[in-house]
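Heads up: the sequence lines are chains C and U, in that order.
Note that the working numbering gives residue 260 to position 247 of the first sequence, counting from 1, and the numbers run on in steps of one.
Note that the working numbering gives residue 176 to position 163 of the second sequence, counting from 1, and the numbers run on in steps of one.
Check each hint, because a few of them may be wrong.
You can't tell identical chains apart in this list, so a pair holds if it fits in one copy or across any two.
16 angstroms max Cα-Cα, derived EDC-like pairs, lysine to aspartate or glutamate [stated by the list, open to error]:
#  : residue 1 : residue 2
1  : K111      : E67
2  : K30       : E123
3  : K30       : E241
4  : K30       : D213
5  : K167      : D191
6  : K30       : D55
7  : K111      : E146
8  : K167      : D115
9  : K167      : E146
10 : K111      : E207
Everything labelled a hint here was simulated from the structure, so no lab data went into it.
2 protein chains.
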Amino acid sequence: MKEPESSGEFERIARLKRRFHRVVPEVEIGAGDDCAVLRPNDAAIAISVDAQVEGVHFRRSWASLAVLGRRAVMAAASDLAAMGSRPIAIFSALILPKTFDDASLESLAEGFERAGDELGAPIAGGNLASGSELSITTTVIGGVGRAIRRDGAKPGDSIWVTGTIGARGLGLEVLLRDAARDALSLPFVGAWLEPRARIDAGLAIAPFATSAIDVSDGLAQDVGHLAESSGVRAVIEIERIPLASGAGELGARLGVDARRVALSSGDDYEIVFTLAADQTPPIAATHIGRIEVGSGIGAIDAGGRAVESGGYRHFG
Amino acid sequence: MKEPESSGEFERIARLKRRFHRVVPEVEIGAGDDCAVLRPNDAAIAISVDAQVEGVHFRRSWASLAVLGRRAVMAAASDLAAMGSRPIAIFSALILPKTFDDASLESLAEGFERAGDELGAPIAGGNLASGSELSITTTVIGGVGRAIRRDGAKPGDSIWVTGTIGARGLGLEVLLRDAARDALSLPFVGAWLEPRARIDAGLAIAPFATSAIDVSDGLAQDVGHLAESSGVRAVIEIERIPLASGAGELGARLGVDARRVALSSGDDYEIVFTLAADQTPPIAATHIGRIEVGSGIGAIDAGGRAVESGGYRHFG
Numbered sequence: 014m015k016e017p018e019s020s021g022e023f024e025r026i027a028r029l030k031r032r033f034h035r036v037v038p039e040v041e042i043g044a045g046d047d048c049a050v051l052r053p054n055d056a057a058i059a060i061s062v063d064a065q066v067e068g069v070h071f072r073r074s075w076a077s078l079a080v081l082g083r084r085a086v087m088a089a090a091s092d093l094a095a096m097g098s099r100p101i102a103i104f105s106a107l108i109l110p111k112t113f114d115d116a117s118l119e120s121l122a123e124g125f126e127r128a129g130d131e132l133g134a135p136i137a138g139g140n141l142a143s144g145s146e147l148s149i150t151t152t153v154i155g156g157v158g159r160a161i162r163r164d165g166a167k168p169g170d171s172i173w174v175t176g177t178i179g180a181r182g183l184g185l186e187v188l189l190r191d192a193a194r195d196a197l198s199l200p201f202v203g204a205w206l207e208p209r210a211r212i213d214a215g216l217a218i219a220p221f222a223t224s225a226i227d228v229s230d231g232l233a234q235d236v237g238h239l240a241e242s243s244g245v246r247a248v249i250e251i252e253r254i255p256l257a258s259g260a261g262e263l264g265a266r267l268g269v270d271a272r273r274v275a276l277s278s279g280d281d282y283e284i285v286f287t288l289a290a291d292q293t294p295p296i297a298a299t300h301i302g303r304i305e306v307g308s309g310i311g312a313i314d315a316g317g318r319a320v321e322s323g324g325y326r327h328f329g
Numbered sequence: 014m015k016e017p018e019s020s021g022e023f024e025r026i027a028r029l030k031r032r033f034h035r036v037v038p039e040v041e042i043g044a045g046d047d048c049a050v051l052r053p054n055d056a057a058i059a060i061s062v063d064a065q066v067e068g069v070h071f072r073r074s075w076a077s078l079a080v081l082g083r084r085a086v087m088a089a090a091s092d093l094a095a096m097g098s099r100p101i102a103i104f105s106a107l108i109l110p111k112t113f114d115d116a117s118l119e120s121l122a123e124g125f126e127r128a129g130d131e132l133g134a135p136i137a138g139g140n141l142a143s144g145s146e147l148s149i150t151t152t153v154i155g156g157v158g159r160a161i162r163r164d165g166a167k168p169g170d171s172i173w174v175t176g177t178i179g180a181r182g183l184g185l186e187v188l189l190r191d192a193a194r195d196a197l198s199l200p201f202v203g204a205w206l207e208p209r210a211r212i213d214a215g216l217a218i219a220p221f222a223t224s225a226i227d228v229s230d231g232l233a234q235d236v237g238h239l240a241e242s243s244g245v246r247a248v249i250e251i252e253r254i255p256l257a258s259g260a261g262e263l264g265a266r267l268g269v270d271a272r273r274v275a276l277s278s279g280d281d282y283e284i285v286f287t288l289a290a291d292q293t294p295p296i297a298a299t300h301i302g303r304i305e306v307g308s309g310i311g312a313i314d315a316g317g318r319a320v321e322s323g324g325y326r327h328f329g
């Protein structure tokens, strides 16, 4: 942790250092020096940075800061998962409004700590600064054997996705509208608030996948990135997209099409990946489409007919 | 670079990727995938994160965004220098106000690029998010052989500092007061605006130094951190602190004591380090004090008498 100005800040940093202290073989020096020093077991490391800004990415009224803090770290760690990387250390840079009190910081820190413990990687440093709005910028560092690149998909490959898609988008819709939280909607709200980076899935597919990306911007958009990077066309069979139980019913209540939400909403933090045609995944995953020669993405129905593609971005 | 929402943002990201693209042996995958992937030549890596917020750490009226962007990266890299680490890659997470136009982003990026080129490390990724105020959060990654810790100073060690101390504090004072910029004051303003992380110095002292820290919060405070971490007392001989030419004169004009500014102002980005008593540094540096048994820091005059210590923080 870097030190800011006031003595109150020094005390805050000292408390955070104590909370985050862990004895971990690959973390030689944790928070408290100019830098953290890592000695990774792997020859290569993966790094990603993600920021969450209050009022843009979340509202404080939606959940405790512990839940929102954990979520910020998990969102960042999702990029490690999609690379086939194993988390080693987490760095959290906070911009805090002047009114942000010690109890709020403790709650946020509790969330970071929980995420770190779930990921098996300590919070090894960060930064505190003041500003007008709360933001959480998370840097994650992981070890990597074979990195799963975004640009390796080949015509003939099959497209797969972990978990279910669109539940977090529906949950976010409930939060944004302040809609009823009941037996139907609560699991969706919970899915948005408590994502889990698919680290184990990423490690399991790393030796086999020809490409992968995490579903953070929306399935269509993220598959579009993958297709664009790989110089191929991706065709998704809409009806194969795995929806969560109750998605159709909750969508109907909210007046949205659950399958369209699954294509266009973000925050799923699942992994979409491609495999050579003769491969099957070593984990539970759903086959949702195929890679073709060409560019952009297309959507087809079960009969193979192109379906109207409004509601998600085109890439060619 | 991670992708935000609008298509304008995707185009911005694409432009940044092109600008920052470098072929560098230790950077296996740069901006454009879920993560960057580094393959460091050293077995250990150092990591630090630093944030600069508009209105808190800088004002846009002070300089071009290129200068302010370069400065943000250099401030972060200074922590690598103090660890004896060699920069490998830089990650820049930006929170941009909605009104932040493309030309401003290009200027900021030019500054990042210039800093990266000076440091010999590419901008290998980052994040764009929107918010109400501009902030620049920089993560720096370096290779490290022997890390210079903050906690290794021993009684009997001598204390040294690179460069001059306090010039940036005086320059900041000129900026904050919007005081005259003339032949006397301009070099000080320039020193604040255009710091240079002392990477070469850090690498040169790494095999010998018993401890080191960069001077970012102010000499007294940073030496205080070093003493506290090492469990020792640091005694600084005030009159030995190396001031820049003209510091006394500019201080007199501003009505401040230049030596006191040197003790208490920050942003110097020089390195203060300790050596065993029989060692001399392999680089140009000034001997400013010694480590004793005890705690906290003390200030003495040339005759060895304790001097009044107002104006800087005590640590014991």
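Hint check results:
Proximity of K111 to E67 under the C-alpha cut-off of 16 angstroms is found in both arrangements, the shortest distances being 14 angstroms within a copy and 15 angstroms between copies. In this assembly of identical chains, K30 and E123 lie within 16 angstroms of each other by CA distance solely inside one copy; the values are 12 angstroms within and 35 angstroms between copies. Within a single copy, K30 and E241 get their C-alpha atoms only as close as 42 angstroms, which misses the 16 angstroms cut-off; across copies the closest is 15 angstroms, which meets it. Proximity of K30 to D213 under the C-alpha cut-off of 16 angstroms is found in neither arrangement, the shortest distances being 28 angstroms within a copy and 29 angstroms between copies.
For a Cα distance limit of 16 angstroms, the shortest separation of K167 from D191 qualifies neither inside one copy, at 43 angstroms, nor across copies, at 60 angstroms. Proximity of K30 to D55 under the C-alpha cut-off of 16 angstroms is found in neither arrangement, the shortest distances being 26 angstroms within a copy and 27 angstroms between copies. Proximity of K111 and E146 under a CA criterion of 16 angstroms is satisfied in both settings, with 9 angstroms inside one chain copy and 14 angstroms between copies. In this homomeric assembly, K167 and D115 never come within 16 angstroms of each other (Cα to Cα): the closest approach is 52 angstroms inside a single copy and 35 angstroms across copies.
In the homo-oligomer, the alpha carbons of K167 and E146 never lie at most 16 angstroms apart, since the shortest distance is 44 angstroms inside one protomer and 42 angstroms across protomers. In this assembly of identical chains, K111 and E207 lie within 16 angstroms of each other by CA distance neither inside one copy nor across copies; the values are 28 angstroms within and 29 angstroms between.
Checked against the numbered hints above, the structure breaks hints 4, 5, 6, 8, 9 and 10 and satisfies the rest.
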